[in-house]
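The listed protein sequences correspond, in order, to chains A and B.
Following my numbering from start to finish, the first sequence increments by one per residue and tops out at 1088.
Following my numbering from start to finish, the second sequence increments by one per residue and tops out at 185.
Read the hints as simulated data drawn from the structure, not as lab findings.
Note that beta-carbon positions come from the ideal geometry of N, C-alpha and C, so glycine has one too.
Mixed in with the good hints, there may be bad ones.
Claimed, not checked - Covered, in the sense of this in silico footprint (three residues per stretch, anywhere, with C-beta under 8 angstroms from a C-beta of chain A), are these stretches of chain B: (1) 42-53; (2) 56-65; (3) 80-94; (4) 114-122; (5) 153-160.
Said to hold, decoys possible - Among the chain A residues that face chain B by a calculated CB cut under 8 angstroms, a handful are: (6) Q341; (7) F564; (8) A565; (9) T567; (10) G568; (11) V741; (12) L807; (13) Q809; (14) S915; (15) G917; (16) T972; (17) G980.
As the list claims (entries may be wrong) - Looking from chain A toward chain B, a few residues come up when the C-beta cut is under 10 angstroms (computed): (18) D345; (19) E518; (20) L806; (21) Q982; (22) E1023.
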Amino acid sequence: MQEELRVVGKRVPVKENFDKVQGKADYCATITLPGMLVGKLLHSPHAHARVVSVDTSRAEGLQGVKAVVTKKDDPRKIFTWNVMTYQLPDGEPQDQYIFDDVVRYVGEPVAAVAAVNEEIAKKAVDLIEVEYDVLPAVFSVEDAVKKGAPRVHDTAENNIGAPPTPVFCYGDVEKDFSESDTIVEGVFSTSKQSQAGLENAGCVAEWRNGRLTVWSQAQLPHMTKRMIAQALDIPESTVRVIQPFAGTGFGAGTDLCPEPYACLLTMKAGAPVKVALTRSEDLRMRFTREHIVRVEMKMGVKKDGTPMALKAKYTGDAGAYMGKILSGCGVALASNITEYEFKSMYQEIEAIYTHHLACGAMRGFGGMQSTFAREILVDEVCEKIGMNPIEFRKKYHRGVGGLGWFPDTKISSCGLDACLDVGAERIGWKGKWQGWGAKKEGIRRRGVGVAAMGWLSGAQPMLLEHTNATLKFNSDGTCTLIGSPGLLGQGVLAAHCQIAAEVLGIDYDDVRPLTPQDTDITGFDIGTHASRGCYCIGRAVEKAAQQARELFLERASKKLGVAADALDIKERRIFCKDDPEKGIEFREIAQDTIYSFGKDCRQITVNATIEPTEFAPPWQAGFAEVEVDTETGVVEVIKMIIAHDIGRAINPTVVEGQLEGGQLQGIGFALFEDIIISSENGVNLTDSFNKYKIASMLDCPDHEALLVELGDPTGPFSAKSCGESGIFLQAPAIANAIYDAVGIRLRDVPMTPERVLAALKNKSSTQTN
Amino acid sequence: MKTHSTTFFVNNKEYTLDIPVHRTLLQVLRDDLSMTDVKYGCGAGECGACTVLVDGDRPILSCLTLAVLMNGRKITTVAGLEKEGELHPVQEAFVEEGAIQCGYCTPGMVLKSVSILEKNPSPTEKDIRRGLEGNICRCTGYEKIVKAVQRASIALAASSPVKQKEGGKV
Chain A
320 MQEELRVVGK
330 RVPVKENFDK
340 VQGKADYCAT
350 ITLPGMLVGK
360 LLHSPHAHAR
370 VVSVDTSRAE
380 GLQGVKAVVT
390 KKDDPRKIFT
400 WNVMTYQLPD
410 GEPQDQYIFD
420 DVVRYVGEPV
430 AAVAAVNEEI
440 AKKAVDLIEV
450 EYDVLPAVFS
460 VEDAVKKGAP
470 RVHDTAENNI
480 GAPPTPVFCY
490 GDVEKDFSES
500 DTIVEGVFST
510 SKQSQAGLEN
520 AGCVAEWRNG
530 RLTVWSQAQL
540 PHMTKRMIAQ
550 ALDIPESTVR
560 VIQPFAGTGF
570 GAGTDLCPEP
580 YACLLTMKAG
590 APVKVALTRS
600 EDLRMRFTRE
610 HIVRVEMKMG
620 VKKDGTPMAL
630 KAKYTGDAGA
640 YMGKILSGCG
650 VALASNITEY
660 EFKSMYQEIE
670 AIYTHHLACG
680 AMRGFGGMQS
690 TFAREILVDE
700 VCEKIGMNPI
710 EFRKKYHRGV
720 GGLGWFPDTK
730 ISSCGLDACL
740 DVGAERIGWK
750 GKWQGWGAKK
760 EGIRRRGVGV
770 AAMGWLSGAQ
780 PMLLEHTNAT
790 LKFNSDGTCT
800 LIGSPGLLGQ
810 GVLAAHCQIA
820 AEVLGIDYDD
830 VRPLTPQDTD
840 ITGFDIGTHA
850 SRGCYCIGRA
860 VEKAAQQARE
870 LFLERASKKL
880 GVAADALDIK
890 ERRIFCKDDP
900 EKGIEFREIA
910 QDTIYSFGKD
920 CRQITVNATI
930 EPTEFAPPWQ
940 AGFAEVEVDT
950 ETGVVEVIKM
960 IIAHDIGRAI
970 NPTVVEGQLE
980 GGQLQGIGFA
990 LFEDIIISSE
1000 NGVNLTDSFN
1010 KYKIASMLDC
1020 PDHEALLVEL
1030 GDPTGPFSAK
1040 SCGESGIFLQ
1050 APAIANAIYD
1060 AVGIRLRDVP
1070 MTPERVLAAL
1080 KNKSSTQTN
Chain B
16 MKTHSTTFFV
26 NNKEYTLDIP
36 VHRTLLQVLR
46 DDLSMTDVKY
56 GCGAGECGAC
66 TVLVDGDRPI
76 LSCLTLAVLM
86 NGRKITTVAG
96 LEKEGELHPV
106 QEAFVEEGAI
116 QCGYCTPGMV
126 LKSVSILEKN
136 PSPTEKDIRR
146 GLEGNICRCT
156 GYEKIVKAVQ
166 RASIALAASS
176 PVKQKEGGKV
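Make a model of the complete structure from these sequences and hints.
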């Protein structure tokens, strides 16, 4: 971290924001093609029913209707909306058809219409007559596994999508529990959060001359292309995915949603079709956060806190399809390994089908749930052994060289101690934490809590994280950066441009990222998930820039008659290190590569491929100060501080933005966000922003994200990830702060006033007895 | 279908249209006039993405406003904020402060911020937060949006002709 950097580490503006601030950026919602039709979906009103017949004749007869598609138009190829399945050698379960004979959740599409305008499309949807044979349904994992429960899928006995399966276990937990001095355990439940981006799920599809182009909010474009081809039973090469800007993300784009329906419609209508969901449809149909509905965890330590054994079981409520529930549970488990030096661990995962909307992924994938449980139990352990909760975390977290998430991985850097220090100071821990059992009085009582964890920078080597980045140089010395992380607003393209400019010795303005991104142009890339954008793609960009730099130096070496290794590039100029006066402008060499008239024309275009193996965990410490109203149960977050070891901030403004945004979603997860599905009929009761609450400006406590920059030896300019880190620690830190304030241990999120009041009541009745 | 002949201005350009009485201003701007800088987020007045300004500084939710009620009104969308190729100071501040991520709430958020500053050139942080309460952003955590409005407030004061006459001091 000694070298002087000109571009990396600077707060340069994100290039695409100039378009966005003028409303000129293209989203699926804004794209219009000549002759484009409006697509609308017909959703099942039943949670479980056999589709006996679908009569589309009246809809098709309506003037202006160009296509109606039903199960008759489905090529009946089994697939899954979860395009991440291709990242695992054996894949994840595939159990979906575009239209099936059975509907398995309220809101599942049964038919779709394309018409010349929205009004006609809506009318046509209303004219479709569906005969359902309504079947009994199950709305909880407990009911689903009961003998004789209705089956969600004929093939899944007792609705078991995946039976309890131990993964990445080590040591002998039973022996270590028997040698533990203190054991704590608990059963936790977490919510079904929605990504709820401001742009609803939407896409445009156009079938023309045997090619299918899909404008999608995809985060994983190349695998999205492959999955669309699989579902439609057409060669992958016929599909092209274009990523305009997406007004959503946070994992939403790692699953398909309206794409298969739009594709069937355009193939039948022979005209481009846009399917843009309403807010209600988005909340009812888009795969939600991985719903790990139950976490059972047990932890044993010695008197001095030495971690001995940890045992956990993660139960996923898959909903109607397996989606990402198994990988979500898997990540809950894997991320749990890295935090503390337990002598042994035994963890297992299971997934159960229900008639709920299925699960995809959301920021904090899996790690949210295990961290919530673990960090509360750590607090309990600390109280039992009389240890300061910050001290425990400092003393027993894993460090460099320690066990990573996945077998054979090691921790490459760890700045957690610094995170705990700066966070504790900023929240004023010393004055505010009065030790275990401090007596608090009054109706409104304050408390503080802490939590910690380590995350990852891409899911390698468990998952394929293959990345390509290309730099194509123009004759004026500028270059185009060709990659496809997706345009979710994460700001990672700014970081990529900064990395390239720094390596090449040119300016930030000289590197222009390709937008929109297009699978016909970009090399294979996984895309954006698992906090990989800056670290994994950034490494490919760094490598491409290094290779391009060498080519520029070679060419300049010939021009200047100086050995290439005696040259350097700074501020767009190539010069001799020993004689800086002697040199040539970068753009002159660029011009020469393209317009050299018979003297070795060779445009510099470099592609670099990376398949990372290290997982470079970012570490974080979270501190909450809350005030609990003992009469209403309302928890007010007074202050929330998160401190992050992110290696290095390539662009501090972008990094802070990611962490601050994650912070507020984390507070939503902790206190109020939850998709509620009726246990009577499966109807989603939270299908509007009026009912599914996301934080507004007034719900926003005093909060801050602090950066700790100690570097990681494997990252581009020593950077680690920051995309997800911001979201993890609010729930456990707030739960621990609530305990500090009023002495109740909450084990369920969201921690609503009702739950707080119930726990307070339970506590006082226990005390009275 | 009952229609009304309606004349209104959008970003200083006059339009006279026969508008079905049930059609919202959002539908007319987006679907009929292709002004896709105005965003649909919920269609129910719950997110603020569709905010436009009426007669200079009055923010309204275009998804809840019948278009025929706009007869004789002047509407400003985010595309109408720039002057002679220059971004409005609020737009500039949003870019500089990194107050934009996915950018989908940005047009509404920027317009609402402009209206706040029109009415109160030096708002407190509380004023800003209260003013922007109805505009939801899922990405940023709002901190940088508040900072952007504060930055714009300073920039606007510095460029105000009255202040300049007084020696350019804010």
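In terms of beta carbon proximity below 8 angstroms, does the stretch 153-160 of chain B have 3 or more residues touching chain A?
-> holds (count 8)
Three-residue Cβ test at 8 angstroms for the coverage of the stretch 80-94 of chain B by chain A | holds (count 3)
Per the CB criterion, is A:Q809 less than 8 angstroms away from chain B?
-> The hint holds - A:Q809 has a Cβ within 8 angstroms of chain B, the shortest such distance being about 7 angstroms.
With a cut-off of 8 angstroms on the beta carbons, see whether A:T567 makes it to chain B.
-> Cβ of A:T567 sits 7 angstroms from chain B, so the hint holds.
Taking a Cβ-to-Cβ distance below 8 angstroms as contact, does the stretch 56-65 of chain B have at least three residues touching chain A?
-> That given contact holds, which follows from 7 residues of the stretch 56-65 of chain B lying within Cβ reach (below 8 angstroms) of chain A.
Would the hint on A:Q982 stand, with a C-beta cut-off of 10 angstroms toward chain B?
-> Nearest chain B Cβ about 5 angstroms off; hint holds.
Taking 10 angstroms as the limit, does the beta-carbon of A:E1023 come near enough to a beta-carbon in chain B?
-> Because about 8 angstroms separates A:E1023 from the closest Cβ in chain B, which is inside the 10 angstroms limit, the hint holds.
Proposed interface contact between A:S915 and chain B, which counts if any beta carbon pair is under 8 angstroms = 37 angstroms, violated
So, A:G568 near chain B? Judge it on the closest CB pair being under 8 angstroms.
-> With a minimum Cβ separation of about 7 angstroms from chain B (threshold 8 angstroms), the hint on A:G568 holds.
Restraint outcome when A:L806 is required to lie within 10 angstroms of chain B by C-beta distance | 8 angstroms, holds
Holds or violated: is the Cβ of A:V741 closer than 8 angstroms to a Cβ in chain B?
-> It is violated, given that the least Cβ distance between A:V741 and chain B is near 18 angstroms, above 8 angstroms.
Can we keep the A:D345 interface hint, with Cβ of chain B closer than 10 angstroms?
-> Since the shortest Cβ distance to chain B is 8 angstroms, the answer is holds.
In summary, the numbered hints that this structure violates are 11, 14 and 15.
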